[in-house]
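Engineer: Given the coordinates of chain D, work out where chains G and X should sit on it, guided by the hints.
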Amino acid sequence: MRHLPVLIPILPLLSALLCLIFSRIERRLGKYAVLAALAASFFSSVLLLVKVTQSGENIHYYMGGWMPPLGIEFVVDPINAVILAVISVVAFFVCMYSQAFLKESEWLEQGGFYALFALLSAGLLGMTITGDMFNLYVFLEIASISGYGLIALGRGKSVVASFRYLLLGTIAASFYLLSVAYLYAITGTLNMADMSRLLMHQLDTPNVLLAVSMLIVAFGLKMALFPLHGWQPDAYTYAHPAAAPIVAGLMSKAPALALLRYLFSIITVESIYVEIGLKAIGFLGACGIILGSVMANAQKDFRRMLAYSSVAQIGYIAVGLSLGSVYGLIAAVYHMVIHAFMKSLLFMVSGALQYRYGEVSISIDMLGGLNKHMPLTTASFVVAALSMIGIPPTGGFFSKWYLLLASLEKGQFLFIAVIVASSLLNAVYFFRVIENIFISKDAELTSLQKEERLEIPFSMLMPIVLFGIAILAVGLFNSYFVEEIIRLGLPEVLAV
Amino acid sequence: MTIYSIRPFFAVVVPLFAAFFIMLSGKKPNLREFWTVLASFLTAFIVFSMVPEVSKGNVYQYTVFRFTDTVEFTLRTDAAGMLFGCVSSFLWIPVAFYAIGYMRQHHEKEQTGFFAAFAVCICSAVGIAFSANLMVFFVFFELLTVATYPLVFHARTEEARFSGRKYLIYTLSTGQLFLAGIAVTYYLAGTCDFTAGGFLSAETAPNWIMQILFLLLILAGAVKAGMMPLAGWLPSAMVAPTPVSALLHAVAVVKAGAFCMIRICGYVFGPAALTALGLDQILIWFAAATIIISSLIAMKQDNLKKRLAYSTIGQLSYIILGTAMLSPLSITGALYHIAAHAIMKVTLFMCAGAVIVTAHKENVSEMSGIGRRMPITFACFTVASLGIAGMPFIVGFISKWDILLGALEANRPLVLAVLAISALLALSYLIPVCYTAFFKEDKSGEFTAYGEADKRMLLPICITAVLSVVLGIFPNFGGHLYTFAVSAAKEITGGLIGGGFL
Amino acid sequence: MNNTEIIAVLNEFLAEKGIYALVLILFFLGLFGMIMCKNYMKKLMAMNIMQVSVIFFFLCLAQKEGGMIPVLAGSVTDSGAYINPLPHALMLTAIVVSLGTTGVALALLIRIKNQYGTVEEDELLRRMEE
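Chains as they are written, first to last, in the working numbering: chain D, 1 to 496; chain G, 1 to 502; chain X, 1 to 130.
These are computed hints drawn from the structure, not numbers from a lab.
If you're wondering where the values come from, they're calculated on a predicted model, not measured in any experiment.
Even for Gly, the Cβ is constructed at its ideal location relative to N, Cα and C.
Restricting the straight-line Cα-Cα distance to at most 30 angstroms, the calculated cross-link-like pairs of lysine-lysine (DSS-like) are:
no.	chain 1	residue 1	chain 2	residue 2
1	D	Lys441	G	Lys28
2	X	Lys113	D	Lys157
3	X	Lys113	X	Lys38
4	D	Lys441	G	Lys109
5	D	Lys157	X	Lys38
6	X	Lys64	X	Lys17
7	D	Lys372	G	Lys28
8	D	Lys441	G	Lys27
9	D	Lys157	D	Lys300
10	G	Lys455	G	Lys109
11	G	Lys166	D	Lys300
12	G	Lys109	D	Lys300
13	D	Lys372	G	Lys109
14	D	Lys441	G	Lys361
15	D	Lys372	D	Lys441
16	X	Lys113	D	Lys103
17	G	Lys27	D	Lys372
18	D	Lys300	X	Lys113
Between beta-carbon pairs, the in silico distance windows are:
no.	chain 1	residue 1	chain 2	residue 2	range
19	X	Arg126	D	Phe283	29 to 39 angstroms
20	D	Leu198	X	Arg126	52 to 62 angstroms
21	D	Asp204	X	Phe13	22 to 32 angstroms
22	D	Leu20	X	Leu99	16 to 26 angstroms
23	D	Ser213	X	Met45	25 to 35 angstroms
Only some residues are given here: those of chain G computed to face chain D with a beta carbon under 10 angstroms:
no.	residue
24	Thr68
25	Thr70
26	Val71
27	Phe73
28	Phe138
29	Thr145
30	Leu168
31	Ile169
32	Leu172
33	Ala183
34	Val184
35	Tyr186
Extracted from the complex, chain D is given alone in its bound form (with noise of 0.2 angstroms):
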């Protein structure tokens, strides 16, 4: 019980590393690994939130009983445990649904691609729990590396699209770097609760400003916040369809809670230039969610309209981090993890439609009668559509509710009307993929696969179908996610 936060980023870590080795014994024993790595770091995170949440103290875990400052120390608070529950639940159902995809590839390649997938898990993982700045660092690049390799996968341009996210991850990260360098500088410490208290006597010393501004450009261009997004549509559009579900769910929000951590926890809003980055990455946010919705509407290929609304959706995270009030953070977690579940189902989907059909590209004019072919699908996707433009009572019209009550809060009054631009920007390319399914004529595609009882595979379906219905779960109970968990792990400064 006690040696639970640990067991979180290192069992997927060690599933990484034996996963080769046993698919060389099995081929498919290697998977099994990292499924039941996944399983059991969901079981942890599950158990550290009811924890945490009864108890209301975050529970430390110092690694190899060194304590901080000189030690690693783990943190689980409310909002990482909620953070860590919901990367594990998808990766490990990502990680079931890839299966069908890999079902005949050679040992080597099932081993490799599972091993990547659990190194990119627990890197997410690690990047969540940790309360050590430089441990985030390590984890940050375990979960870029893994995710590079992921997206080198997939096929047509996926290898230029990993090497141009590996230059500008790479620059991200050493814009951390150098942000961690500075504030170390000044305190000669780098655990996160040290920092914030050493800190605290120097927050308009240039270093800070430094630091944050160069946090902003890391973490920035990590979640593809607009302008920094440059990376990201190519690198979700090629990425390999079984892996896309997870880089395109996920690694967007490991970077997002590590932003809310530095600029709420670690510098604090009392600092100036904290307040003045939270300004940019608002007004940042606001552009990138009408440019990501304005772009997205001029797709044609399915999986990078999916790719830029993530555009816009980042957006989101980043106007509920610039509003900083309590309902401003209670929409940016809410959304992180409402939307960790829509664009992996939306990529899930999109995947399904690949195995099906083994077109590289689904193109959305090629859509037409999926509702007859795959009905179950067809479901979840409009859910999750529904979700992304922000109908009640699917998840995303809450994150929207939230944000509109925060932004009131704040006066903002831009920020509603961008808010309100954006659901029907959203409305108009999620209901032109939804018109051409259920109206336009069928299109003339022949299923690969040979005619089964289910539209695909039972490991591809039940997925699908259960993250239909979390959307809908998450949002009917999100009074719970944000009474129960959120309010409790608001930073000091916000809590009420």
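Structural biologist: Using the frame of chain D, we list chains G and X on its own:
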């Protein structure tokens, strides 16, 4: 007195479950239709079981769960909600039978999706009626939008695709403004529970903010209620199958819009605030203009369904007009007109559909002498037309009379003039149809033999037609609807009602 | 201000801040190269330069005048006598990460070269269009 009971929740959930079962039993048409019929009776039964207590002034209430951190998902049956709930749940029964007959005889495709979406629409209509606060109201309002969309594009032609788009653009854009308005309301007042007489006052915020807020809130209702200049979607949506037009564009969707306006005017802002902000005037003139213009356009339409659609636009503005005048009697009339117009318009649309299925005629000019072939259908059509025009002893007269009295009460002679003109106009666009059908010579000789519509379609038509006469004589027949209208009006205005029918 | 004074100021600057200026120049050189070079191989090399500059920066932070390498030397237990070991330890990790990134990047470049026959950006874009 407030009765805490789960009944309102069941009334909302039964159609939703029915939709689910309908989707599951898509391969067995008879089983599928059984669910529709069962759910329609069950819903009506649950709703009407609440009538006796509500008519005594009690209120059923049920909180399902916490919807957001501060707003609860509460269903509540006050008098106004009960009125709308009764109308929409009761009318589902005849329309369900009619739809089964129509869809089967017309060999429509995608019937499973049709009936499922239909049930969801009813669920949202009942939900709209029983919502206790703006948030819940919005949930069902958006659900209605989404569930109606597949019904609009049901034909799956290019025209249907276009109408679907038009419908979505109108409803979703105003829906989002509505959401922004709800957020502002909640932020200003700290609550969004409907309160008779309103919980916002003119002093809540600066005047211009209140005026913008009113605009944000009212636009969604205005679009759904088809108030000009926001009515463009309604005639286009007539490409949908006739039962859809019948139930949704005459009952659920447009009435939800009108009901939304009543809730906003009477239960969010309240008469005092509206008058102080000068907003009632604006509404009145928009509604009056809509009545006249739509009647004029209706006269020019040859397509029967389109003609009825424009007539709907005009009649819905009666409700808005009655509400906006804010006098006790006019609000009574407005509320009762929800029921009255629903029954009459359903009859008219079902007749039009029967003609389409039986004689394959859509245009009025092709219907010369059709009354000889389908006498019962057109008799019913005539009754309903007269009702729309405001003939005494038919249900339309009661509501219109109250609105007229209300206009006198509120001392608005110009409105009186508008009402008088519009009654004449209504005669001039509906009665010619009856005349063409019965008295014009049948040149083509198509309609010489007697050939009525299918019984599953004819029976519902007769029931609603008879009902519109019965309610015209006993306005409280069956469901105490008139009592509800009166008590809701009393609640809103806080005034006593002189005249009227009680 | 005569020559000697200028030289004195310059000397002081170079002694105190010069290394930081160099690191900064190196960093922006790398960044500039990544943005401006058309050849992907060169981009990758520029990326390495940038990473090295960050490593230098950390190592500069660790220095102190007269500090020894942080290996326990006999009986000297005064921490002031050693340079700060922590940045060195961190940078070992960072070097490993940079090595890993470079390895992945090179592997990707080989695949790009195999797939498109070039690593020149303009040419690559043209071939990708086809």
